[in-house]
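Colleague: If you read the protein sequences in the order shown, they are chains A and B.
Just so we're aligned, residue 1 is where the first sequence starts under the numbering used here, counting upward by one.
Just so we're aligned, residue 148 is where the second sequence starts under the numbering used here, counting upward by one.
FYI, nobody ran anything at the bench for these hints, they're computed from the structure.
Do not take every clue at face value.
[Stated by the list, open to error] Label-pair restraints from in silico Cβ distances:
1) A:E130 to B:M511: 47 to 55 Å
2) B:D338 to A:D38: 46 to 54 Å
3) A:S140 to B:K330: 39 to 47 Å
4) A:Q124 to B:E412: 57 to 65 Å
5) B:E287 to A:R78: 47 to 55 Å
6) B:R208 to A:K56: 28 to 36 Å
7) A:K56 to B:V424: 31 to 39 Å
Every residue, glycine too, gets a C-beta built ideally from N, C-alpha and C.
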Amino acid sequence: MKKLDNTLIIGIGNNTRQDDGLGWCFLEHLEKEGYHEDSLLYKYQLMVEDAELIAKYEKVIFVDACKTQLNNGFEIERVLPAEKVAFSTHEVPPNQILNLCENIYQKKPKSYIIKIQGYVWDIQIGLSNEATENLKKTVSYFKNFTP
Amino acid sequence: MNKKKIVIEPVTRVEGHGKVTIKMNEEGKVEDAFLHIVEFRGFEKFIQGHPYWEAPVLVQRLCGICPVSHHIAAAKAIDQLVGVDPENLTPTATKLRKLLHYGQVFQSHSLHFFYLASPDILFGIDAPAEKRNIVAVATENQELAKKGILMRKFGQEIIKALAGKKIHGILAVPGGVHKTFTKEEREYFLDGKQIPNVDTMIEWSKEIIDFMKAYHFDNAPWIDNFAAYPSNHLGLVHKETGAMELYDGRLRSIDSEGNELLNIEDIEYRYHFKEAVEPWSYLKFPYMTKYGRENGWNRVGPLARINTCSHIPTYYAEIERQIFKAYTQDKPNNMTMHTHWARLIEMLHCAELIKELLLDEDLMGTDLVTKGTPRNKGIGIIEAPRGTLIHEYHTDDKGLITKCNLIVSTTHNNEAMNRGVRTIANEVLNHKPEITEPMLNQIEMAIRAYDPCLSCATHALGQMPLIVQLEDLQGNLLDEKIR
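Please work from the sequences and hints to get the whole structure.
Modeller: Rendered as structure tokens:
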């Protein structure tokens, strides 16, 4: 079992909404690769209490589907705490969770977001072919990625 | 001044997608105001044709906030389809379901108070919009924010322990539950080693009530009068004692003076309620048939529950209920903003109930499922965090659902929320030369007090927030705010 010390990978999405399930599918691939489930967290969406959770880790990687056109079908970038924040129970972006984590718990885990381009979002289980390709490329890249 | 119409869309810090329209005449006076629910779902229709045992799982998809409530209400109905009435479930099954339910109410009330309502209370109605959120609360009051997070987490951990996961898990099966509780799971909530324990939850709940009472003491004039109006109140009460009951009881309604309007077996609801529709909203308007559409509507939820019950059957929450009731000389409380206070008393009640159950050996029993003679109709009614929740299913002889009716808590509160919007619109917008952001927030606050779940209520896939639009009397859009 590959256990990532002090690293949490959070897959965000909904696998009943086609390519919105990319975040979860990414984690499933990692599980098949032998990553320990303790390092992997499946979430429909982030919530305020996730600030308390990530405060316990040194590194956090958020993985989510993305509607925007991405050159390689995926993108990895650093995330820093948001300067300005808003709140809705239906949408709390990673940078706002980091802001809360810093504000409440005085912790600032090194954080990344992996965006994987998706194409279809209807109520259906299963990724599109294009999203599946993007997922493969992302997983392949991630194997050699050192956060 | 031209005639105009204000539209608030989306309404913020509520669950679901709504819109407020305020129509103003040439003199700048509010002529009418509406809360429109603009999501459409049709869950009642597309569940038809599914086997009955799928219902407690499928209906959870109504919402990401209250799936547990739908799971339990549906399960109670489905029990009857397999010939098992609530009193015939095994003690272990009943207690495990109750524990799940109380965990849900506890976490949902925590979410509402700390994440959604507390910014209005801490920073006031005139605070800038960018400050009215949990993050600003966390910045200025870290201890309160930490407690809020950990209290919600406690409730969610209860749900996870019983249902397997925090959202859309499964505990109930027809006639019972599919798993029991272990000693290790119980100790997790009692020993305080990994998370603050249930005694801490009780203490923190008491502290938050003290905070609310102090806030009320300092702000009584506005908190007492804000969006206050007389109404009927509906809630489940214990079948013998009349005490507050969240899982199974009789349906009781009283009017604004405390006169009893209804006291029936819950499964008789169909003979006593109707649902009206309006062309401007997907949300129906339930009312008691006997009293008609105009006079038969009820508030439901924490305030209504405290108004309709004779007492609360846990020690500390009952003390707080008595203090709460003393403020209105034991008369029903019709002050909308007191719903927040009532909600906190219920949080305390749930924490106490959770402790009682955690100390009950039945929780770890192994007799989990009861069987009976199948029937074709089942009705499950519980008190969800936001109020009375009704699920009814009919099946054919193959066990396929032929009819489903859901009356969700927020639907009961539809008329009350609309009256709240009209009341506040009249108070804050009449003859004002300028419509300001704090004015619009006050309209939202009148809705937010009910903690509405618009996704559930319209049974919708949804985006969330609320819109306010300003229209002239011909319906022409003059101004709009979207948040």
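Colleague: Can the suggested window of 57 to 65 Å be confirmed for the beta-carbon pair A:Q124 and B:E412?
Modeller: 42 Å, violated
Colleague: Honestly, do A:S140 and B:K330 meet the 39 to 47 Å range at C-beta?
Modeller: 45 Å, holds
Colleague: Given a hinted range of 47 to 55 Å, is it respected by the beta-carbon distance of B:E287 and A:R78?
Modeller: For A:R78 against B:E287, whose Cβ atoms are near 28 Å apart, the range 47 to 55 Å is violated.
Colleague: When you take the CB atoms of B:D338 and A:D38, is the distance between them in 46 to 54 Å?
Modeller: Check failed, 21 Å falls outside 46 to 54 Å.
Colleague: Note whether the CB distance of A:K56 and B:V424 lies within 31 to 39 Å or breaks it.
Modeller: The hint (31 to 39 Å, Cβ to Cβ) is violated, given that A:K56 and B:V424 are roughly 50 Å apart.
Colleague: Okay, A:E130 versus B:M511 on CB: inside 47 to 55 Å?
Modeller: Since the Cβ atoms of A:E130 and B:M511 sit about 50 Å apart, the hinted range of 47 to 55 Å holds.
Colleague: Given a hinted range of 28 to 36 Å, is it respected by the beta-carbon distance of B:R208 and A:K56?
Modeller: 31 Å, holds
Checked against the numbered hints listed earlier, the structure breaks hints 2, 4, 5 and 7; every other hint is satisfied.
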